[in-house]
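Peer 1: Dock chain to chain to rebuild the complex, using the hints, since each chain is given by itself in its own frame.
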Amino acid sequence: MKFLPETVLALALLAGGAQAQVVVGDGIPQPLTETAGDPARGRAIVASRQRGLCLLCHTGPFPEERFQGNLAPTLAGAGSRSTPAQLRLRLVDPRRLNPDSIMPPYFSTEGLTRVGANWVAKTVLTAQEIEDVIAFLSTLRE
Amino acid sequence: MRRLACLLLLLPAAALADERRSGSTYMSAETQAMQKDDTANPGMLWVQDGAALWSRKPAADKKACADCHGDAAASMKGVAARYPAFDAEQGRPVDLATRINLCREKHQQAAPFAAESESLLGLSAWLGLQSRGLPISPDPDPRSEPFREAGRRLYEQRMGQLNFACAQCHDDNAGKRLAGSVIPQAHPTGYPIYRLEWQGMGSLQRRLRNCMTGVRAEPFAYGAPEMVELELFLMSRAAGMTVETPGVRP
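Heads up: the sequence lines are chains S and X, in that order. Each residue of the first sequence is one higher than the one before, counting from 123 in the working numbering. Each residue of the second sequence is one higher than the one before, counting from 2 in the working numbering.
The hints are simulated quantities; they were obtained by calculation from the structure and are not laboratory data. Bear in mind that the values here come from a model prediction, so they are computed numbers and not experimental data. Be a bit skeptical, because a hint or two may be false.
A few chain S residues facing chain X, derived, Cβ under 10 angstroms [stated by the list, open to error]:
| hint | residue |
| --- | --- |
| 1 | ARG173 |
| 2 | LEU175 |
| 3 | LEU178 |
| 4 | ARG188 |
| 5 | GLN190 |
| 6 | ASN192 |
| 7 | LEU193 |
| 8 | ASP222 |
| 9 | ILE224 |
| 10 | MET225 |
| 11 | GLY233 |
| 12 | VAL237 |
| 13 | ALA239 |
| 14 | ASN240 |
| 15 | THR245 |
The following residues of chain S were derived to be distant from chain X, with all beta-carbon distances above 12 angstroms [to be verified]:
| hint | residue |
| --- | --- |
| 16 | VAL144 |
| 17 | THR181 |
| 18 | PRO227 |
Backbone N, C-alpha and C fix where the C-beta goes; we use that ideal spot for every residue, glycine too.
With the rest of the complex left out, here is chain X (with noise of 0.2 angstroms):
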């Protein structure tokens, strides 16, 4: 980002080419593959069962998402794109996950899902395919600005015991190799992911997690206030690019 206003003041608008890669460019051709591909992609197991979520009642006499939403193709198409946003009664913006457990618990009158349960990620993937092929869209909610701020600033702190800020990896040094593994420019395309790692589906925030750990620092709970400000300012930085969901990565 540092180095993209740099450019900025340097070159005329005509010769700046978009400098931004989604981290699946970096990814094996075979990894790639998988992605491409619906039947070979496992995070469309987790997409399917979303689909199953999204047309079943929690209970007999309560609604499924289908009864008010109807089809999630028109409904819901580029939804996902725009999250996190700004939420009246919360005062504050909602990433995606939350945005469907308060629609649970409001509208169906259901126990929220857990943070990074099968339930959750499934349909947090059905709703995220339903943007595949768009681009990321930020809310441009006004009142999201200071939260997408703090995010900024997040992005930019240093933190654990080995003093870290996301942006001195993935600003300054993206594109070179830690340890093994290329650093990429942490561009939220494709979330929730299935990432081979992890044998498993997990959220951008599960993914923030790790890096946390990574530097020793005590990661957010999921769902914190800061968790949610860090997505915002990340969609924004990656505001223009292809949604993926699901992504694979290694």
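Here chain S stands alone, though its shape is the one from the complex (with noise of 0.2 angstroms):
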């Protein structure tokens, strides 16, 4: 599915208590959950080589973690250059802004291939989890 501006785009309702993911412009400005994001449990997913995955890709803010990737822009300052409706669709699915980002899609399980059988229909992230993370990746300001 292309990404049109100031197309709205309702997509299917998830699991799990996640809300209807609603595309405007190049955002989603409804959270995914109820729930709001916590700053705090978003660092240590990010953080997380297990968990967020983040810092194989991106540096950041995190003097505490010695290995981080530069195969992508730095997580610092994020909260200035876009906003949290901009970061729910690049974490949702950015694949939806740019069809060759290398990044991978959070919480999308459409048009993958060959799927290891443990995560099978399961997104990386959950609803939460990627509300988590907006709300720490807010906090990066410069």
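Peer 2: Have a look at this one:
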């Protein structure tokens, strides 16, 4: 599905109490859950090499983390560069903004190939974890 | 590869330098030294096992590899640099490990070695050593071509929950860091390798399975046609680069 500016696309309702993801412009304004994101939990997810995996590719303001990747832009200032709605769409499925993006879709199971048995029909993060990460990234301001 | 193709269009041929780098060139000086010194390279232990197997009869009334092939230094020179190679009986290319096992079954009437067994890695390493220093020289048989193309498509195919293609890291982002590790260009110059992370020897297919698991894809089975196709493509992509077997990697 191509991203169309000024187009409102209603996506399927997802399990786990998630709200419908409605893309407006280049973002998803509506949070995926009713519970507000927790920045502290979000930070832990971003820094985790098993959960968020973010630091495999991104650097960021994590002085305690020694090995950070440089395949992707720094997370420092992410909250100044992007609105929560923009961050939400990038996390849910970056392919909707750029089909060639190397960033994994964190909350979509569509269009994937040969997904491992342990991961079939599962998203990388849960809806609440997405909200936690957005809450944390929004605190990263320059 | 894509970047190389672009350069080919932009630059006169004379100005083209080979940008390809073996994974060993990204290693620390210590690890490079370990690979270069046969008395320090742990892979040589498997080579020695392979050399012993080469000359040992699988049973008293059976032939050893050496009984047919003679001195491996002469008869096996350049063989590993050419595999996977087309096999008319199979109707498809086979990798070196499969060739060893086909030979065992057909000519030695012995059970095939299990994938990644010490014996199979040993013989593979022993054969690989006979090509050390030679250029990778892919199978020229035109019947291999469709399989090589299938390998290229697999290399460019995004897969797994994390949705990565080999090419996205190893072509588009080689030389950058994935967490603490430099992403190499994925040239199979040293297999089987002794990988420090494994504390052991492993084949190219084991390494490919590692990457597939890493992107949360269902890895292809050892010896699966797709594995051989990927090997075939990677060897062609590395054509002309020097065989380093037994390689050491971090």
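Peer 1: Give a verdict on every hint.
Peer 2: Structure-based check of each hint:
Given hint, S:ARG173 at the interface with chain X, is violated; its Cβ is 13 angstroms from that chain's nearest Cβ, farther than 10 angstroms. The interface hint given for S:LEU175 holds, since its Cβ lies 8 angstroms from the closest Cβ of chain X, which is under the 10 angstroms cut-off. The criterion of a C-beta within 10 angstroms of any C-beta in chain X is met by S:LEU178, whose closest approach is roughly 5 angstroms, and the hint holds. The criterion of a C-beta within 10 angstroms of any C-beta in chain X is met by S:ARG188, whose closest approach is roughly 7 angstroms, and the hint holds.
The restraint placing S:GLN190 at the interface with chain X holds, with a minimum CB-CB distance near 7 angstroms, inside the 10 angstroms limit. The interface hint given for S:ASN192 holds, since its Cβ lies 5 angstroms from the closest Cβ of chain X, which is under the 10 angstroms cut-off. The interface hint given for S:LEU193 is met, as the beta carbon of that residue sits about 5 angstroms from the closest beta carbon of chain X, less than 10 angstroms. Annotation: interface hint on S:ASP222 holds; nearest CB of chain X at approximately 9 angstroms, less than 10 angstroms.
A least Cβ separation of about 5 angstroms between S:ILE224 and chain X falls short of the 10 angstroms threshold, and the interface hint therefore holds. Evaluation of the S:MET225 hint against chain X yields a held restraint, the C-beta minimum of about 9 angstroms falling below 10 angstroms. With a cut of 10 angstroms, the hint placing S:GLY233 at the interface with chain X holds, because the nearest CB-to-CB distance is about 8 angstroms. Against a cut-off of 10 angstroms between C-beta atoms, the interface hint on S:VAL237 holds, since the closest Cβ of chain X lies about 5 angstroms away.
For S:ALA239, the shortest C-beta to C-beta distance to chain X is roughly 6 angstroms, which falls under 10 angstroms, so the interface hint holds. Contact between S:ASN240 and chain X, as hinted, is supported at the beta carbon level, the nearest pair being about 7 angstroms apart and thus within 10 angstroms. About 8 angstroms separates the beta-carbon of S:THR245 from the nearest beta-carbon of chain X, less than 10 angstroms, and the hint is met. With a cut of 12 angstroms on Cβ distances, S:VAL144 stays outside the contact zone with chain X, its closest approach being about 23 angstroms.
At the 12 angstroms boundary, the C-beta of S:THR181 falls inside the reach of chain X, the nearest C-beta of that chain being 9 angstroms off. For S:PRO227, the shortest C-beta to C-beta distance to chain X comes to about 6 angstroms, within the 12 angstroms cut-off, and the non-interface label is violated.
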